[in-house]
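**Student:** Each chain is listed here by its residues.
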Amino acid sequence: MGFLQPLFLLAGAAILIPVFLHLFHRQESKIFTFPAIRYLLRTERDHARQIRTQQLLLLLLRIAIVVLIVALGARIHFPGSGGSHEPTALALVIDNSMSATIIEDGGRRLDTLKAAARRSVSGAGHDDVIWVVRAGAPWEPALPGGIEEALAAIEATESAHGRGALGGAVERARALVAQSALPEREVHLFTDLQATGFDDALAGDGDIPVVVFGLPAREPDNRGIGGVTIGGGLPPLAGRRTEAAVSIVGGDPEDSVGVRLYIDGQVRAATTAPGGSTVLLPVGPFPSGRVEGYAEIDPDPLTADDRRYFAFTVREPTAVALAGAAPFFLVEALAVLEESDRIVRGDLARAATVLSIGGEGLDARGFTQGAVVAPYADPAQLPALNRRLAEAGIPYRYGAERGGARIASSAVGIDLGDIEIRRFHPLERTGDPEPSASDAPVTLSNGDPWIVGGAAPTGPYILIASPLDEESTTLPVSAAMIPLLEWAIERGWRGDEDRDATAGTSFRPPATSTAVRDPGGNLHPVDGDQPFVRTAMAGFYQPLAGDSALEAIPVNTPAAESDLAPLRASEVRRILPGTRAVVDDADAWSRQIFRSGRGPEPWRALALVLLALLAIEVVVAAARGLRSFPTPTA
Amino acid sequence: MTNETTTPHRDRRSDLIDPATLAQLGGIDIIARQVVHGFLLGLHRSPNRGFSAEFAENRAYQPGDDLRTLDWRMFARSDRFYVKQYEEETNLRAWMLIDISASMDWSSRSSLPTKLWYAKHLAAAISLILTRQGDIVGLMAFHERIVRQVRARGGKVHWRLLLQHLHALEGGGRTDSESAIRNVAMRLKRKGLVILISDLLVDPAETAKALIFLQHTGHEVLVFHLIDPGERDLPTTGETRFIDPETGDSLRVSVADMRRQYRAAVENAVAEWTTKLTSRGIAYATIGTDEPLARALRFYLWKRQRLP
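Chains as they are written, first to last, in our numbering: chain A, 1 to 634; chain B, 1 to 308.
FYI, nobody ran anything at the bench for these hints, they're computed from the structure. Fair warning: this is a prediction, and the values are worked out from it, not measured in the lab. Here a beta-carbon is modelled for each residue, glycine too, at the ideal position from N, C-alpha and C. Incorrect hints may appear among the rest.
[Said to hold, decoys possible] Computed from the model, here is a short list of chain A residues facing chain B with C-beta under 7 Å:
#: 1; residue: T33
#: 2; residue: I37
#: 3; residue: H47
#: 4; residue: A569
#: 5; residue: W603
[To be verified] Which stretches of chain B does chain A cover? Using the computed rule of at least three CB atoms under 8 Å from a CB of chain A, they are:
#: 6; stretch: 121-132
#: 7; stretch: 252-259
#: 8; stretch: 265-279
Required output: the full structure, derived from the provided sequences and hints.
**Tutor:** What follows is the structure in structure tokens.
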């Protein structure tokens with residue numbers, strides 16, 4: 001309960017008037033000679049209790065009337081929704097992730113969420129400050145505004161093909177409203193309750209309440225393309241056929257779906273495959289150069305993950321020079337690659353990639369040559385290796401030998417899970433900050449990188465932490481040896497040139513880029529040194545240098561968004577501390593939001609009650625005879 | 001003829017004039033005469049005439065009537081012919097018993113006459129009627145005791161004597177009607193009509209017993225209960241301390257709280273008087289002091305008609 005005009009409460013002192021009259025006015029009596037006093041005595045004797053009851057009733061009525069008048073004047077209001085409320089800093093978090101594009105009951109989930117967000121804004125007041133935060137990646141800054149700005153922002157909210165990071169979005173929303181000086185703060189979250197959207201659980205106890213509008217929990221059957229791998233992860237060679245592996249996630253294993261592969265806008269392969277399977281489609285041969293395309297399955301209600309874009313570079317065999325004393329299995333692997341025409345052997349002067357053991361040959365390579373470096377098994381050679389790295393400008397040093405680790409993660413597209421690392425030398429970065437995930441494509445179970453890569457002033461490089469002999473690691477005797485070696489040779493030559501990205505994340509365009517054209521044809525100026533972040537939609541993004549297109553970078557939907565399993569309300573409360581309520585209908589929503597505020601002013605009801613009390617007071621007073629007293633005539 | 005200060009307008013019967021106006025006409029004798037004259041004139045015009053066959057009356061002249069019976073004085077006053085009709089003397093002995101206690105000398109508004117004024121003029125009018133009928137009439141005034149007594153006699157001279165006594169009456173003292181009435185009963189040896197004019201602000205039970213006792217002694221009893229309008233409905237507002245002029249007792253009440261119940265109490269008291277007296281054959285009438293005297297006179301004549 002509160003008052004919009006609290007100063008008027010001072011008029012409440014008027015309550016003392018009827019009380020004073022009731023208690024003390026009798027002392028202000030006048031004297032009247034009256035012979036029929038015996039009738040008065042009889043009346044008082046017979047009706048004393050009734051008279052006292054009437055007096056008390058009148059006193060209570062008059063006090064109630066004064067109280068109502070004061071309440072009306074002070075503009076009383078009660079807690080609740082539907083009326084005005086205390087000025088509130090309000091952040092609306094709209095889950096516009098890929099899953100919100102699904103069509104249900106004839107409409108998009110996102111449209112339902114936007115309608116709920118508009119209901120929140122309709123309940124807001126002109127003293128409120130509102131932020132609209134979009135939970136779908138990529139992150140976009142939210143600007144404070146009023147009702148009009150919030151409605152415009154809601155209207156402009158479109159679905160993104162990125163992942164919904166609701167935990168982070170709510171944290172950002174809380175941070176926004178926390179900086180406000182307004183007396184009340186609330187965060188309203190509008191989501192389809194997709195479980196993967198809550199993977200980034202919040203920290204903290206949630207001082208600022210969160211009200212969640214969650215669509216009714218449903219898990220429609222969804223299938224999508226989880227990935228497309230060309231040539232088993234290695235770039236195809238010019239003039240040779242290769243295979244595209246298309247992974248279908250979700251869907252009914254008993255039900256087949258049509259799969260089509262498009263290269264340069266034309267269908268190059270097609271088949272059917274059951275849900276959850278991976279199908280191989282033959283493609284090629286291709287001439288040297290960049291190839292772009294996409295795989296597609298028959299559409300379902302969630303169409304965003306039914307297409308997956310890819311791009312690869314078809315190359316000629318890479319010239320490789322071996323420097324240093326290579327272990328046996330490394331030599332054999334190079335021979336296999338050479339015999340299969342995947343590489344050609346050459347001297348240091350003409351090689352595209354130098355395969356350096358113990359850092360040898362680094363001093364002789366040219367600026368355009370890549371380097372793949374592995375240490376000798378003899379630890380005594382380690383200082384020489386580190387000295388050569390320093391001379392080559394490579395910002396890593398090999399540390400003291402360690403042992404006993406397994407490969408924890410690999411981003412090279414080759415299964416390294418069974419590889420045992422018996423010995424390795426920790427790769428320690430010098431000077432610059434810790435290597436990023438992209439700089440360490442393979443890491444160990446203890447967190448140390450096992451392979452690092454980058455571009456030094458003297459050229460691109462790949463460093464492997466273990467000697468490539470069978471005593472240091474099981475890699476040389478595993479099936480992964482040859483593809484990993486080829487990957488290292490290619491990566492070591494070209495550096496990280498095969499760019500791809502997930503919608504909502506960033507990619508680094510070529511350094512000479514001046515703009516990036518998104519799938520919608522919009523141009524975004526870029527600084528060649530900065531990553532490009534406006535990847536809301538899946539499709540091909542074209543970095544441009546002036547008017548020239550440099551390449552096409554495929555951006556795909558995150559695989560996690562294809563999993564539409566919803567969370568229960570109780571799980572949402574656990575994951576989002578400070579959640580006030582999780583509701584799925586408009587009426588409940590209206591009751592939960594702006595609860596700390598005030599409900600509508602009940603002036604009509606109070607006025608009616610006041611009129612009723614006045615009427616009762618008149619009746620009771622008239623019954624006492626006050627208003628029926630005849631006017632004396634002259 | 002008469003001037004306007006002493007003679008009511010011809011078109012207005014004095015018995016129908018409200019007491020406040022009537023009090024401005026003059027002395028008690030003039031008022032009594034005018035009231036009685038107007039009252040008797042009204043009887044002739046009244047379609048209800050006939051109940052007064054036992055007393056002398058004037059009736060409208062009809063062809064064949066003896067011209068000697070024409071009342072020339074009435075002709076002079078009303079421009080109409082009336083004949084006089086005479087009855088034998090009734091030998092009725094009437095006593096006017098007037099309460100002159102302090103409560104009678106009170107009116108709720110300055111524009112109203114006091115109950116004592118009303119009582120004196122009512123007594124004068126009735127006495128005049130009695131005298132004109134040839135009856136004899138006496139007077140007793142009392143409060144705690146009988147303070148004035150005039151023996152019952154007839155004739156205009158006696159009536160003027162009565163008027164002098166009535167004129168001299170002043171209110172005061174407490175009312176003890178019960179002992180006064182019993183005293184009257186002891187004093188009156190011959191049966192007759194006893195007319196009590198009082199505000200009856202007395203002990204109802206004891207006073208009723210005394211009146212019944214009076215009736216048992218062979219008298220016919222007629223009670224005029226005078227009530228000031230302010231006694232029917234409390235005459236003031238707000239918090240008031242009421243003081244009894246007779247006893248000096250006081251009571252502080254909120255008039256608004258008491259008004260309705262007080263009005264009911266008065267009505268109950270009147271009903272109580274009515275029940276107690278009329279059930280024993282005692283004629284009883286409440287007369288407001290703001291009412292014209294005609295109603296009281298009609299009530300008297302109604303009672304007079306039923307006397308044996």
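**Student:** So, against the hints stated earlier in the document, which numbers end up violated here?
**Tutor:** Failing hints, ascending: 4, 5 and 6.
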